[in-house]
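Protein chains in written order, with the numbering used here: chain A, 106 to 189; chain B, 106 to 189.
Since the hints were made in silico from the structure, they are not lab data.
Take the hints with a grain of salt, since some may be wrong.
Because identical chains cannot be distinguished in the list, a pair is counted as satisfied if it fits within a single copy or across any two copies.
[What the hints assert, rightly or not] Simulated crosslink set (DSS-like; lysine-lysine; CA at most 27 Å straight-line): (1) K116 with K188; (2) K125 with K110; (3) K138 with K188; (4) K116 with K138; (5) K110 with K188; (6) K146 with K125; (7) K125 with K108; (8) K166 with K108.
Bear in mind that the values here come from a model prediction, so they are computed numbers and not experimental data.
Number of protein chains: 2
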Amino acid sequence: MLKAKIFVQLKPSVLDPQGKAVTNSLHNLGFDKVLQTRISKYIEINFDSDDREDVSRQTTKICDSLLANPNTETYHFELEEIKS
Amino acid sequence: MLKAKIFVQLKPSVLDPQGKAVTNSLHNLGFDKVLQTRISKYIEINFDSDDREDVSRQTTKICDSLLANPNTETYHFELEEIKS
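Only chain A is shown next, with the shape it has when bound in the complex (with noise of 0.2 Å):
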């Protein structure tokens, strides 16, 4: 079995209301060292498989077609085995 650890971010030049609606939570909690805070998602999807490339391929796919917004996001992922 094979894991995809999938981060998904908004590009860089998006701005992200959450993560700024955090920072001035944070500033008023009294953290004032807080610079900049970023919220992005990160998904987990366990595959009956233990063809990399394959599913590799399919998690390219998945991203692409349900996940990430090409519009206004990137995602990068890694795969990990499982070991059961």
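Keeping the supplied structure of chain A fixed, place chain B upon it in accordance with the hints.
The following block gives chain B in isolation, referenced to the frame of chain A:
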């Protein structure tokens, strides 16, 4: 400067309805090797400080007080130096 890379994940015992919905969508799209999907938050916070011990303590406080729901979520983080 230091960057805290924080993962906030649902406890394994807690149902992840968003992940279940993604798994179902993927099956409908023909990705039948997908067994399970878990969706989590990944948060990066930049600190204007090089004191790892202090930043680590602040990040723990931030997770406990704002980012993670102690009833349903766990978190872990690592610190990384940012070259400016």
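Sort out which numbered hints this structure fails and list those numbers smallest first. none
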